[in-house]
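Chains as they are written, first to last, in the working numbering: chain A, 1 to 100; chain B, 1 to 639.
Since the hints were made in silico from the structure, they are not lab data. Quantities reported herein were computed from a predicted structural model and do not represent experimental measurements. Beta carbons are placed, not taken as given, at the ideal position from N, Cα and C, and that holds for glycine. Check each hint, because a few of them may be wrong.
Stated by the list, open to error - Listed next, with one range per pair, are the computed distances between beta-carbon atoms:
#1 VAL20/A - LEU612/B: 21 to 27 angstroms
#2 MET53/A - LEU612/B: 45 to 51 angstroms
#3 ARG99/A - ARG582/B: 43 to 49 angstroms
#4 VAL572/B - ARG99/A: 55 to 61 angstroms
#5 LEU612/B - ARG85/A: 50 to 56 angstroms
#6 ARG85/A - TYR601/B: 52 to 58 angstroms
#7 TYR601/B - MET53/A: 55 to 61 angstroms
#8 ARG85/A - GLY605/B: 35 to 41 angstroms
So the chains spell out like this:
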Amino acid sequence: MIPLSWPLLLSAVVFVIGLVGVLVRRNALVIFMSIELMLNAGNLAFVAFARQMNSLDGQVFVFFVMTVAAAEVAIGLAIIVNLFRLRESVFVDEINLLRG
Amino acid sequence: MNPVHLALIPGLPLAAVALNLLLGDRLGRRRVSWLACGAVGLSFMLAVRAALRLAGMPEENRSIVETLYTWMRVGDFSARVSFLLDPLSSVMALVVTGVGFLIHVYSVGYMANDASFRRFFLYLNLFMFAMLTLVLADNFLLMFVGWEGVGLCSYLLIGFWYQRPSAAEAGKKAFIVNRIGDFGFILGMLVLFVHAGSLDYARLFAVAPQVFAFGSAAITTATLLLFLGATGKSAQIPLYTWLPDAMEGPTPVSALIHAATMVTAGVYMVARTHVLFQLAPLSLETVALIGAATALLAATIGIAQNDIKRVLAYSTVSQLGYMFMACGVGAFTAGIFHLMTHAFFKALLFLGAGSVIHALSDEQDLRRMGGLARRIPWTHGTMLVATLAIAGIPPFAGFFSKDEILGSAFASGHPGVWLAGLVGAVLTSFYMFRLYILCFRGESRVSREAGHHVHEPPPSMLVPLVILAALSVVGGFVGPPMQEGGHAFERWMRPVFESGAGGAAAGHAVSHATEWVLIAMSVAAAGVGILLAFQIYLNQPSLATQLQQRWSAVHRVLFNKYWVDELYNAVVVSPVYRISQRLWKLWDEKVVDGAVNGVGYTLEGISSVLRLFQTGFVGTYALFFALGVLVLLFHLVRH
Numbered sequence: 001m002i003p004l005s006w007p008l009l010l011s012a013v014v015f016v017i018g019l020v021g022v023l024v025r026r027n028a029l030v031i032f033m034s035i036e037l038m039l040n041a042g043n044l045a046f047v048a049f050a051r052q053m054n055s056l057d058g059q060v061f062v063f064f065v066m067t068v069a070a071a072e073v074a075i076g077l078a079i080i081v082n083l084f085r086l087r088e089s090v091f092v093d094e095i096n097l098l099r100g
Numbered sequence: 001m002n003p004v005h006l007a008l009i010p011g012l013p014l015a016a017v018a019l020n021l022l023l024g025d026r027l028g029r030r031r032v033s034w035l036a037c038g039a040v041g042l043s044f045m046l047a048v049r050a051a052l053r054l055a056g057m058p059e060e061n062r063s064i065v066e067t068l069y070t071w072m073r074v075g076d077f078s079a080r081v082s083f084l085l086d087p088l089s090s091v092m093a094l095v096v097t098g099v100g101f102l103i104h105v106y107s108v109g110y111m112a113n114d115a116s117f118r119r120f121f122l123y124l125n126l127f128m129f130a131m132l133t134l135v136l137a138d139n140f141l142l143m144f145v146g147w148e149g150v151g152l153c154s155y156l157l158i159g160f161w162y163q164r165p166s167a168a169e170a171g172k173k174a175f176i177v178n179r180i181g182d183f184g185f186i187l188g189m190l191v192l193f194v195h196a197g198s199l200d201y202a203r204l205f206a207v208a209p210q211v212f213a214f215g216s217a218a219i220t221t222a223t224l225l226l227f228l229g230a231t232g233k234s235a236q237i238p239l240y241t242w243l244p245d246a247m248e249g250p251t252p253v254s255a256l257i258h259a260a261t262m263v264t265a266g267v268y269m270v271a272r273t274h275v276l277f278q279l280a281p282l283s284l285e286t287v288a289l290i291g292a293a294t295a296l297l298a299a300t301i302g303i304a305q306n307d308i309k310r311v312l313a314y315s316t317v318s319q320l321g322y323m324f325m326a327c328g329v330g331a332f333t334a335g336i337f338h339l340m341t342h343a344f345f346k347a348l349l350f351l352g353a354g355s356v357i358h359a360l361s362d363e364q365d366l367r368r369m370g371g372l373a374r375r376i377p378w379t380h381g382t383m384l385v386a387t388l389a390i391a392g393i394p395p396f397a398g399f400f401s402k403d404e405i406l407g408s409a410f411a412s413g414h415p416g417v418w419l420a421g422l423v424g425a426v427l428t429s430f431y432m433f434r435l436y437i438l439c440f441r442g443e444s445r446v447s448r449e450a451g452h453h454v455h456e457p458p459p460s461m462l463v464p465l466v467i468l469a470a471l472s473v474v475g476g477f478v479g480p481p482m483q484e485g486g487h488a489f490e491r492w493m494r495p496v497f498e499s500g501a502g503g504a505a506a507g508h509a510v511s512h513a514t515e516w517v518l519i520a521m522s523v524a525a526a527g528v529g530i531l532l533a534f535q536i537y538l539n540q541p542s543l544a545t546q547l548q549q550r551w552s553a554v555h556r557v558l559f560n561k562y563w564v565d566e567l568y569n570a571v572v573v574s575p576v577y578r579i580s581q582r583l584w585k586l587w588d589e590k591v592v593d594g595a596v597n598g599v600g601y602t603l604e605g606i607s608s609v610l611r612l613f614q615t616g617f618v619g620t621y622a623l624f625f626a627l628g629v630l631v632l633l634f635h636l637v638r639h
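Chain B extracted, bound-state conformation:
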């Protein structure tokens, strides 16, 4: 069979990076944008071709492994640079390249007036390379390369406007917080390697059931450590604090990295290693609980934020919580399904927000928006679609995936998780419609100056919005509920998720009647949130302030994000900082610098004597030479 050239999928963006670096500013903006978008577009087509090839194969061996070369071989350990295409990685590759391509196109318009246009696309393409390596890798080590690569690009792009101190700080925060998670990831890999002797998915998953006893301490430790890595990358409790700050980056970056793709890497990783997680019920419970807690916590914070991008950031954290919730209750398909639909509507929300910010000359505060619906109708329309999708209103994409998560949580016997998800759904639709109303409806609170040049964005920004809106509408229909033998998406994913031990965990059947009730309840939850939002923010705008005063304590807690940042600062950051300061003064300045300077002073002392011999006169040297020869001769003659 012909090779599919999987390496080209991440390879093309990397080639674009190289060209961009080599040709430099000689390219000019036009060609830079063609190069960057073209590479990702081609990657997308290759991913489509690969997925079609995969679909043409018989269901039971739907996976393609292509090895590029052996990276290293030490003893009986070897790591190969090889790529794995199976239903899971093909969905990820399609989402990453597809949504990524649209965001690249959008960025051409959004960044058109930025001085560092070329650098932006350089980083963006580098990110695509790293992300695609992450999802297509067929072993943990290569995945880790991608994992760190996306972290680096995230750092670079959050701090893209490095002249702003807040952006530089946010970049550092994201990097350092992620480092904690990555530490867990590395340790998790080590535990797996020590026990199973391999980091290749195929071998690891094949031997895992024999090596690890069900629920043993080793596998629980390994999976919990891996999950720690996931909490860092995917912004879950306790490492979620970097994501809201990451909104300092340009908005397309927030859409691409901090909503649609990179932050879902943790979910992908848990789904990819589901064989291991299913051997460790305790870890799965933890994943479900952390997911549910994060979904709730972030949703409550989202209610009280005023920055349009921060609301969306907390919403992302919350939605990622839903995905982990799904993985935790064993419904990996539902998690990946929500990952996909979320990529559509959250990317759309961010791009729409970017369009609003663009229209209002860089205004991000919801309190200075309002009444924009008629001024920018296309942006408004697409944003409304996305808001309905995330709120979970049928038939938009978010409804199907979120409903499936809630249904699985209920069916798998986690009523607590289900309830948290349901409450989260109310909150989600509430804060999303709060954002929508404050931004597009009601009285305009736009400042006079910004109000003058409110305008629709150029076509390069508008077209991606429309395409994403279409995907947000129809994207859910690959997985409608209550299909005999599972819906299309589930059937596509089945080869991946049923290979492992107890892979049928998602298949807890509930009767159709129960399912109808569950659907009705989640739709009702969304409806309640929407009604509340309309009542409070549109019909009686005074009610909002009244409520805020009545519940001022609650509002303060939410507005200040539960003081988690302050807590981390007090408990972790400042002690570390103080200890480092102490060590710096004591160890670095006294001991290390002392030793180095001491060596220097000693040598200088010795050489100040020795330099007397170096007169610079050849005659003197010759004299010493002659005297030396004389002494030698004398010595020889005497014996």
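Next up, chain A with everything else stripped away, as it sits in the complex:
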């Protein structure tokens, strides 16, 4: 039985990769993928804890997260497609109409 810290460590690493990706990348699609990474890092932590504590709650939560992620992808991709149609670009630093 692998100790709890291993999957948690992996989860933290994946999460940070996702976070850094969101912060530094310019391409909206890549940012999107990074967000997915963060969500799945969360899922991993859920599953690990569920196994550790012999409870199904965490596993059930993962299904919810996946559902929400799917919905989010649908909406997010729609936004990105529209954005591209309007601006012919998916680079977020070119989308700055709201700059104060």
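Got chain A sorted already, so can you dock chain B onto it with the hints?
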């Protein structure tokens, strides 16, 4: 018993207003005029039907109240939208709808070439709605709605040709001067409400004798404040100055609003509240004195004016003075009687004047008229009838009502008021025949250009003139003097005016001999005025200028209307204006604007710092977000 649907009487003109607004220009002139006249005509028929119903009821409970809905209810105060039909309001409703209908028809011809034809009838119908609400309301609050409504329409119609600065100014003047009177009206209502706890006529008049002691300060204040409102609306001293200026409006408006109906609202109000006024002898004296003074003052000014409509305007002010004189001496029936006959002949005079102005291509100056009798015989004939009526020559309508007022003034022990009325009668017949002669008789002074197309008006204008002339002839016969048990009009009015305390004030009997003498004197007064006018203006036209030079000081005073406008300007208008100017610079510009701008500048300063955070880059926001989460996590982990 079947309802009479009183609400429809003011409701129909309102419906016409709504249709006119909604359908707009799609209607076209023809249908607009049918709609406007039709609605008022139907109102008239409903008013006739209602009056007939009223006449069929037993005398002691001749009143119908119909409630439409409860307007508001606050605590134990409630105001209902409900209408009251009694002999007084039925006479008013008949006069308003009847004369109003004729003037609507006349306007179709008069305004035929005006660009804003539809807007004119919109306002006119709106006025009918407001005026009928005023006269049919069964409580003060609803009456006030009508009261303000007619004021608004008056403003809109005086300034109908708003492109003319003088018309816009006159509209504003009428509105503002009336505001002063309305202020008094509101305060008067408040005093009544505070003491009696109700604004319904029926309840108010029923409890008034118990609540208010005879001649007490409270009732005197209340009635004087109400009368202040009446002086504004009915153009009495000191608030009469707006009416002559109101002649800037189209002539049918002058006939409808500023002669026949709206300006009589004050008289109606005093008559309606006669129960209260009779509890306050001081107020009644004031009404009589103000009426007499106004009748005289306006008549003298009327002598020296050259604008045909202004002469008629001062004449209206003067005749309204007679009506108040009658109310003041307790002869409310006589006042309302004169209101009715005056509506006939003054509307006719204005419509006739409109016809003259129309014929002369918008000439209003009496000095450029003359000799029109043969050119426009129908207009001349009807105008002559009206002039005889207002001068008080028997058997025309004005004779009966004016004679009754003078008789009542004498009989009720006001010889001063009677004398003022008598002198006023001389002046009235003098200035009216001056107008008649300058306009229709003697040499023509019409300019060549205008003289070419002098013509009789179209039938839509002529027919109302003829009908009104007929009414001016026969209208007085509902109230011939010296009838046993009072004449027909008096008997009709009796249920209203005898219900109140001391309602018999009008019934001071004088012997027939005295009455004959009084009649003879008022007819003689009228005759003297007419003879003087003919002598001065027709037989020896040079005499007029001679007299004018001999009495140049007097003429200047009269011509300049006693400088009352200038006085008001100096005493009221310009100080208020200067103070406002000062306040504007000091308070508005410095304090109010300063505060508003200060708030703006402060916020702008703060936000110029805050906006640095709003870069527009999603990445930056995400970074702040991540940092925030880190800080929170750190905080959580540490504890």
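Hint by hint, here is what the structure shows:
1. VAL20/A - LEU612/B: 21 to 27 angstroms: holds (24 angstroms)
2. MET53/A - LEU612/B: 45 to 51 angstroms: holds (47 angstroms)
3. ARG99/A - ARG582/B: 43 to 49 angstroms: For ARG582/B against ARG99/A, whose Cβ atoms are near 47 angstroms apart, the range 43 to 49 angstroms holds.
4. VAL572/B - ARG99/A: 55 to 61 angstroms: With Cβ atoms ~58 angstroms apart, the hint holds.
5. LEU612/B - ARG85/A: 50 to 56 angstroms: Violated, since LEU612/B and ARG85/A (Cβ atoms, about 32 angstroms apart) do not stay within the stated range.
6. ARG85/A - TYR601/B: 52 to 58 angstroms: The hint (52 to 58 angstroms, Cβ to Cβ) is violated, given that ARG85/A and TYR601/B are roughly 42 angstroms apart.
7. TYR601/B - MET53/A: 55 to 61 angstroms: With Cβ atoms ~59 angstroms apart, the hint holds.
8. ARG85/A - GLY605/B: 35 to 41 angstroms: holds (40 angstroms)
The structure fails hints 5, 6 (numbered hints given earlier, in ascending order).
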